[in-house]
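**Student:** Protein chains in written order, with UniProt numbering: chain C, 1 to 704; chain Y, 1 to 704.
There's no promise every hint is true.
Copies of the same chain look alike in the list, so a pair counts if it works inside one copy or between any two.
As the list claims (entries may be wrong) - Below, computed lysine-lysine pairings styled on DSS-like, alpha-carbon distance capped at 30 Å:
| hint | residue 1 | residue 2 |
| --- | --- | --- |
| 1 | K614 | K335 |
| 2 | K346 | K226 |
| 3 | K403 | K340 |
| 4 | K614 | K686 |
| 5 | K547 | K686 |
| 6 | K508 | K536 |
| 7 | K688 | K547 |
By construction, these hints were calculated from the structure, which means they are not laboratory data.
Number of protein chains: 2
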Amino acid sequence: MLNRSQSLSALLAPNSVALVGASDDVTRIGGRPLRYLREAGFKGAVYPVNPKRETVQGLTAYASVGALPEAPDVAILAVPAAATVQAVRECAGRNVKAAIVFSAGFAETDEAGRALQNEMTGIARESGMRLLGPNCLGVFNSSIGFYGTFSAMLDTGLVKPGPIGIVSQSGAYGSHLMYLARLRGLGMNHLVTTGNECDINVAEALRWMVEQPDINVVMAYAEGIKDRDTFIEALEVARERRKAIVFMKVGRSEVGAHAVSSHTAALAGSDAVFDSVFRQYGVWRAQTTAEQIDIAAACSRGVYPKSNSLGIFTMSGGFGIQMADDAETAGLDVKPMPEKAQEELKAMLPYASPRNPVDATAQAVTDLPLMTSFISAMLEKGDYGFFAGIFGSGPASPTFSGKLRQALETAAAASRDTIMALTMTAPDEIVRAYEDKGFIVAQDGSALMKTLGAMVHFRNSFERAAGGKRELAPGEHVEFSGGALSEREAKPILAQAGVTFPKEALIKAGDDAGAVAASVGFPVVLKISSPDIAHKTEIGGVIVGVKDEAAAREAAATIFARAAEKRPDARIEGILVSPMISDGVEIIAGVVSDPAFGPVVMFGLGGVFVEVLKDVTFRAAPFDVAEAHRMIREIRGFAMLEGVRGAAPSDVDALAEMLSALSRFAAANADTIESIDLNPVRVMEKGKGLVALDALIVPASGRS
Amino acid sequence: MLNRSQSLSALLAPNSVALVGASDDVTRIGGRPLRYLREAGFKGAVYPVNPKRETVQGLTAYASVGALPEAPDVAILAVPAAATVQAVRECAGRNVKAAIVFSAGFAETDEAGRALQNEMTGIARESGMRLLGPNCLGVFNSSIGFYGTFSAMLDTGLVKPGPIGIVSQSGAYGSHLMYLARLRGLGMNHLVTTGNECDINVAEALRWMVEQPDINVVMAYAEGIKDRDTFIEALEVARERRKAIVFMKVGRSEVGAHAVSSHTAALAGSDAVFDSVFRQYGVWRAQTTAEQIDIAAACSRGVYPKSNSLGIFTMSGGFGIQMADDAETAGLDVKPMPEKAQEELKAMLPYASPRNPVDATAQAVTDLPLMTSFISAMLEKGDYGFFAGIFGSGPASPTFSGKLRQALETAAAASRDTIMALTMTAPDEIVRAYEDKGFIVAQDGSALMKTLGAMVHFRNSFERAAGGKRELAPGEHVEFSGGALSEREAKPILAQAGVTFPKEALIKAGDDAGAVAASVGFPVVLKISSPDIAHKTEIGGVIVGVKDEAAAREAAATIFARAAEKRPDARIEGILVSPMISDGVEIIAGVVSDPAFGPVVMFGLGGVFVEVLKDVTFRAAPFDVAEAHRMIREIRGFAMLEGVRGAAPSDVDALAEMLSALSRFAAANADTIESIDLNPVRVMEKGKGLVALDALIVPASGRS
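Pulled out of the complex, with its shape left as it was, chain C reads as follows (with noise of 0.2 Å):
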């Protein structure tokens, strides 16, 4: 059998292929995959498969699977999903290495279709043949012409080879950003649409994708994932290769998530997690269709710039300013020109702003020689990551454009490392002729701004590639007898694992409850201790602000009646004596079991901020301490752990140190925890660690 990223090799680089269901009419789902596969020349073998044709578009038809000359690497299944089934037994048993199912009717439509799908699954399974789809749009490799889809779109035209991939859940989605980005100009090697991942799904297309040497951009659509670990893979390897992914996950929204649930069968997951973990592995979330292949555009030469400066170029002050305000929502920094070389371009135009935005007045129009010094002298002596000029509608004119571009193109041999971008309104065609010569190229300012501050985030990921790997050491493994864990129970476990709890007591029957809580120093808290009760204020087992030995005995007393009287049944262990503590920043952390990723820690600040502004983050676990920092930054009311108000900076390194520790602990015991809650935890100032107060641990149900 083959190795996983074999069999997509077979799929999507294949030697030989059947079409089964095969047709001369090349306006259907069985004659257009034949049509296009013969418009690009593919050079394998290939063989229509059509019981009742001698020939097929001219080529030989076969009138059964088992009646080919050899077994080809891929199946192309252009029949009915009755038929399918059938289909994919002869497949498997002429040792067929992967077959593409396009039919719809399988598990996205009943009972019964899913009952088909499972049994085709399972045929294919036992021989090792990989399935793509059902009720997908098929594949294709542009570079050697092979053309496994039935896509409308390749009608008007096929793709031209080029860095970028496309996987998608959607055939359609796929299928219109193909259209899109072809319209832009752009090549694309790869389109893989999954449909219903009967076996091949979005993380295992991605996967083999971003280990292409050829592939410098994957644009992905996705309504959720089913398989965690190659995802994550996938992200991992894609980071450390330098392939920048830009992704459009849908769902976010009620409407959307209940569509998502209703259409596919994927667990969806929570959207939040899946865009802290974009963030985590530096995936870039496209906003909109237009933003993804913009993105996908720029970064498709794998060229990235040396830092976040811009340097703006305008002849009209007013452009300049909507640029510098767009650069700044994008991260990139708009720094001034040295003061010198702005001296030099005031002596040159007396009239020009030289800062930054350079504006050289509409003086610069009629004056190429003036605009190619003031451009040359930015990049000579500005030292960007990025240049955007700005434009208009000047370079529609042909030989405007023509003289324009040469006068770039001069000014930028000056500095070969600064990413040149320009704003223009022009006929396709013009915009072509600069984007060949490695011009970034946008109609809208505010897109384009969008698009660098996007480069810079792909090149921050790509450089902090080392870390957050998961090959971290995993925490030790904890079994659980079953049941909910006290706040006692879970303590020690979560204190093994890294965090850290205030010192305390346990007030058992018969103890003197004024001595035990005088050991751990007034004022304490008194709680109630007991497996079988989790929501200890319900039945008054929390009694707080206890502050001396005689109050402890009382409250020790009410706490005791209290429980015997409202749960008779439940298990005591004692009073747990606390001390109170109030200093410090107020923060919540947990891991939750998210239905896509798994085992995911929760962060956020207590409060109003998590109970008012529902201010957290999200990370899939495990992570080191370094993405701790980054997540932690996340939240908007980061500025508490900062001081405010003359409050002492809290100690982010320990809380980030507790974290990373969570996260291991969680993924070392993914299969036994449902859930943890360390709420609240009081973060000290900076060098005196953090205290969590309360710790629950719920073990998964059933599985421990």
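Position chain Y relative to chain C; hints supplied.
**Tutor:** Chain Y in isolation, oriented as in the chain C frame:
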């Protein structure tokens, strides 16, 4: 003399035009306007002025403005800065009604330029002649073929008349907008670019534009505004007359704001205040130029939706989910189809998702009658404000496009009051054919959702046009004798204006502090009261948590002693006794004097909300209670006032009354008050009002 609106009509709808500096060269500043006037067939008299020629571009030329056969309504001055003052003088002498000054080299350049501009402005003002510019690109009124502009964008074609107007400080931005809108096939009656605004400014041009009956939308651009009253009046008139204003306000970033201040003479004002004023008056602030044009195009028919509900039709689940996500972000309600209608659709096509998004699956691609049935059902039974159909690149085929349009029109006939929108990627002429039938067409679904959201925004704003009017009865006017006011002086003034304060008392030297404090009710806070001591805590002049008479006596003695020691020169009124109040939700309110908008009321939640999250919002004063309610609901932490974790809802009505009262007071005293601080204010639970615990009024320096 003409009133202001008439004088702008002379500028924008003249009967006669002189062009000073007229040139035969149609590529020169002095040649272009004449060329455009001739090409457009302007019906009024056109007088080229050029002492060196008999004729210019075939028209009789005159040696000077004085030599013209009549006084023209408008003079276009296409002469260099140095010659402009003389030209303005001649025009003023001849009773020309308005002059357009193209030339740069005035206030935007240096002090000499500023002096030149002032001289020219003085001459015009004395004679009653209006001036546009200098440093501007002029105007056009395509409906009468009047082109008083040298924009090179018109070289490639004039502008089709239509219900869109453009008002822009930046000539380059304004003419680029015109260029892009023309590419989109949009008709535009007017363009006004105001440049340095030595006389006519954006506010006045906007004011004129929104009064034109044939204008439905104005696209505006500004870096700042100079005339608050006219500006707000323009926004009010626009709202009353249902004119959509789509505004590009630049300078929101630090670099951008810096560039604005060096680029224009205008006082920019706070960008956050601009943002709030736009919300207050229902202006849509465009984030990108593309968005500005999309929204203007959609609103150009002046038709708005009956509700914010949206029915999404798709043939691909993925696209539907993506659009549902974007719809939610845009504030649209993707409400489900009625249950019965869903059942009928399921009966028609078992594989369909009939809820909303309504997914007719790929089946509908080839079965147009099925698609029509689905869409008809949505329009007849869904009661949607909007219908959005996702068609991808299907309509790129002219034959399919025509059939689809027919099908959509048939379906649309079922519901005349649903606004029809489509996404498609197709050649311009196909898109135009849909637009001509009243469809809103976009390539990108995300952009379309933003556009529809903006239409809902305008609808809501127009519906509340009666509210928020500035004809509110102003509060009492107050004069100050100068200097800052003590808390004790400020409170009665603000109480008179409508702010509630707790019962307080003053301990004077020699009083029994215990008895005075007891009259307020313990616990109390004691604060030194002196107009000379602004920062009371700095001298130890505040003691909180005073619980009984003895403590009050001790505290009062301490405070008197500290004041005597640390500020022996201060006038001491006594010690203010206030009740300690910690109930309710802490908010802050105040008034600031914005450089652009004058008195502006600020509101936010106290504590971390203002300190860490800067969660505050603004309104230009005055405003009514309904507007105050909207203001309150804008802050991110609004849930705090609704009651979190079981807390009772706060008295938001009382808060809204107070903010509106504060705004009236601020407006009535704009000339004497620099700022007001109410911090903290505690809003009690519903029905129990609020109390302001501290107050500060800073009179306007040098104006009181």
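**Student:** Run every hint past the structure and note whether it holds.
**Tutor:** Tested hints:
1. Taking the shortest alpha-carbon separations for K614 and K335, only the inter-copy value of 25 Å comes in at or below 30 Å, while the best intra-copy value is 35 Å.
2. Taking the shortest Cα distances, K346 and K226 sit within 30 Å of each other only across copies (29 Å), while inside one copy they are farther apart (60 Å).
3. With identical chains, the CA atoms of K403 and K340 are at most 30 Å apart within one copy only, with a shortest distance of 29 Å there and 65 Å across copies.
4. In this assembly of identical chains, the alpha carbons of K614 and K686 lie at most 30 Å apart whether taken from the same copy (26 Å) or from different copies (25 Å).
5. When the C-alpha separation of K547 and K686 is checked against a cutoff of 30 Å, the pair qualifies only within one copy, where the shortest distance is 28 Å, while the shortest distance between copies is 36 Å.
6. For the identical chains of this complex, K508 and K536 are intra-copy neighbours only, at 17 Å inside a copy versus 52 Å across copies, given an alpha-carbon limit of 30 Å.
7. With identical chains, the CA atoms of K688 and K547 are at most 30 Å apart within one copy only, with a shortest distance of 25 Å there and 35 Å across copies.
No hint from the list above goes unmet by this structure.
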